[in-house]
Amino acid sequence: MEDIFDSSLNLEETHFNEGFNEGYADGLPSGKDEGRQVGLKHGFEVGEELGFYRGCIDVWNSAIRVDPTCFSSRIQKSINTMDNLVKKYPTSDPENESVNEVMDSLRLKFSYVVYEERFKEMLKLMLACCKVYISGSRNRVALDSIEQAAKLFPQAAIINKFEDETYNRVGYTLVSKVTTEPSSGVCPLKTTVFAMVKAAFEAIDLESHRGSHPRLGVVDHICFHPLGCTSLDRTAALAKSLAADIGSTLQVPSFLYGAAHEEGRTLDSIRRELGYFRPNFIGNQWAGGPKSELLPLKPDEGPTHAVQAKGVVVIGATPWVDNYNVPVYSTDIGLVRRIAKRVSGRGKGLPSVQAMALAHGEDVIEVACNLLEPSEVGGDLVQLEVERIAGEEGFAVGKGYYTDFSQENIIQSYLQLDFHRGQKE
1 MEDIFDSSLN LEETHFNEGF NEGYADGLPS GKDEGRQVGL KHGFEVGEEL GFYRGCIDVW
61 NSAIRVDPTC FSSRIQKSIN TMDNLVKKYP TSDPENESVN EVMDSLRLKF SYVVYEERFK
121 EMLKLMLACC KVYISGSRNR VALDSIEQAA KLFPQAAIIN KFEDETYNRV GYTLVSKVTT
181 EPSSGVCPLK TTVFAMVKAA FEAIDLESHR GSHPRLGVVD HICFHPLGCT SLDRTAALAK
241 SLAADIGSTL QVPSFLYGAA HEEGRTLDSI RRELGYFRPN FIGNQWAGGP KSELLPLKPD
301 EGPTHAVQAK GVVVIGATPW VDNYNVPVYS TDIGLVRRIA KRVSGRGKGL PSVQAMALAH
361 GEDVIEVACN LLEPSEVGGD LVQLEVERIA GEEGFAVGKG YYTDFSQENI IQSYLQLDFH
421 RGQKE
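If you're matching positions, the sequence shown starts at 1 in UniProt numbering and goes up one per residue.
What the hints contain is simulated information worked out from the structure, not anything from laboratory work. One or more of the hints may lead you astray.
What the hints assert, rightly or not - Using C-beta positions, here's what the derived DEER-type ranges look like:
1. Leu-417 to Ser-72: 19 to 29 Å
2. His-420 to Ser-72: 17 to 27 Å
3. Glu-165 to Asp-67: 50 to 60 Å
4. Arg-388 to Asp-268: 43 to 53 Å
5. Gly-47 to Tyr-402: 22 to 32 Å
Cβ atoms here follow ideal geometry from the backbone N, Cα and C, with glycine treated the same way.
Please construct the entire structure, taking both the sequences and the accompanying hints into account.
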């Protein structure tokens with residue numbers, strides 16, 4: 001009887017072990033997949049929170065540099081501690097045991113800071129940046145008209161203006177305060193940019209334009225970037241609202257990209273479909289308006305056809321992007337295009353880098369780059385990579401340059417202007 005009982009127990013144990021092993025084998029892949037999804041979600045949430053703290057710290061430090069007395073020494077010490085904690089976060093090792101400790105300390109310090117009465121007001125200082133690229137740097141009358149339009153709205157400041165006569169292109173960088181809710185009133189940044197766009201369309205005829213930089217319209221590209229504590233969603237709302245106004249009021253086809261587009265469409269994908277990267281004039285130049293008024297892509301706002309004197313406009317909202325150009329002393333556009341491709345993430349070069357080759361004068365072709373994650377891959381790495389690849393081909397390379405200030409310098413410049421304006425008032 002005991003043998004039968006023991007045999008039953010052994011059989012039950014055997015079935016149990018077999019079932020366990022089979023269940024373990026089946027459950028392991030799904031468990032890993034579920035764990036990966038949970039891990040990715042958690043990692044994204046932590047990264048988003050960390051980015052929020054980084055943005056706040058940048059704005060606060062810029063404010064302190066403008067006015068060292070704006071916050072108490074205790075608050076400034078807490079900001080410095082938060083800065084060190086963000087730098088201490090092990091981004092390359094998210095499973096490090098110090099992660100929770102760092103995040104808990106950041107949350108504690110942030111809570112302390114926001115409860116300081118003067119800091120509550122500072123937290124309301126949400127900023128947004130808008131970069132406006134216009135096809136026409138040689139027409140002084142047009143530029144004066146555009147800048148006069150901006151001066152009618154002093155709450156939005158032009159922080160930088162970058163002109164390139166060879167490219168026949170000008171870029172304006174504007175900053176203003178924004179509110180948390182899109183419905184809370186008119187945003188001075190959007191109002192100012194719209195006025196500049198309207199002035200540009202009135203003063204510039206795309207059919208008479210020629211330059212060695214590609215473009216799709218008189219106002220070629222507009223991009224909104226959140227600064228400090230502002231969310232990307234808030235700047236996306238500005239981009240969508242501006243596109244609607246340009247499309248309906250000015251009757252110019254407007255295409256959305258980035259966070260402003262419901263599917264997150266990229267800027268380069270729109271440009272490819274609209275033929276942006278193909279020169280249409282001798283010497284690798286672009287001249288005149290679009291070849292056809294019929295558009296191969298349906299715009300998000302405005303008419304479905306383009307007026308040749310105006311073209312179209314592309315409007316988006318993205319995290320911060322730096323632009324860095326490296327001159328290569330060569331007249332071989334095909335060769336420099338290959339260099340640009342090898343440098344870019346698309347060509348399996350530097351991740352988050354977009355690059356193209358543009359003729360810049362008689363004996364220079366530039367590798368023009370968009371740095372989509374400048375904190376990870378900056379101009380210094382691009383410079384070294386272009387030098388390395390061009391060196392293999394036997395070509396000399398000049399020192400590259402940024403076409404705009406850094407994000408931190410733009411914030412600081414705006415706060416200085418705002419501070420001095422406040423003193424005058």
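Comparing the hints with the structure gives:
1. Leu-417 to Ser-72: 19 to 29 Å: With Cβ atoms ~25 Å apart, the hint holds.
2. His-420 to Ser-72: 17 to 27 Å: Holds - the Cβ-Cβ distance for His-420 and Ser-72, about 23 Å, lies within 17 to 27 Å.
3. Glu-165 to Asp-67: 50 to 60 Å: Cβ of Glu-165 to Cβ of Asp-67: about 38 Å, so the range 50 to 60 Å is violated.
4. Arg-388 to Asp-268: 43 to 53 Å: Given range 43 to 53 Å: violated, Cβ gap about 24 Å.
5. Gly-47 to Tyr-402: 22 to 32 Å: 26 Å, holds
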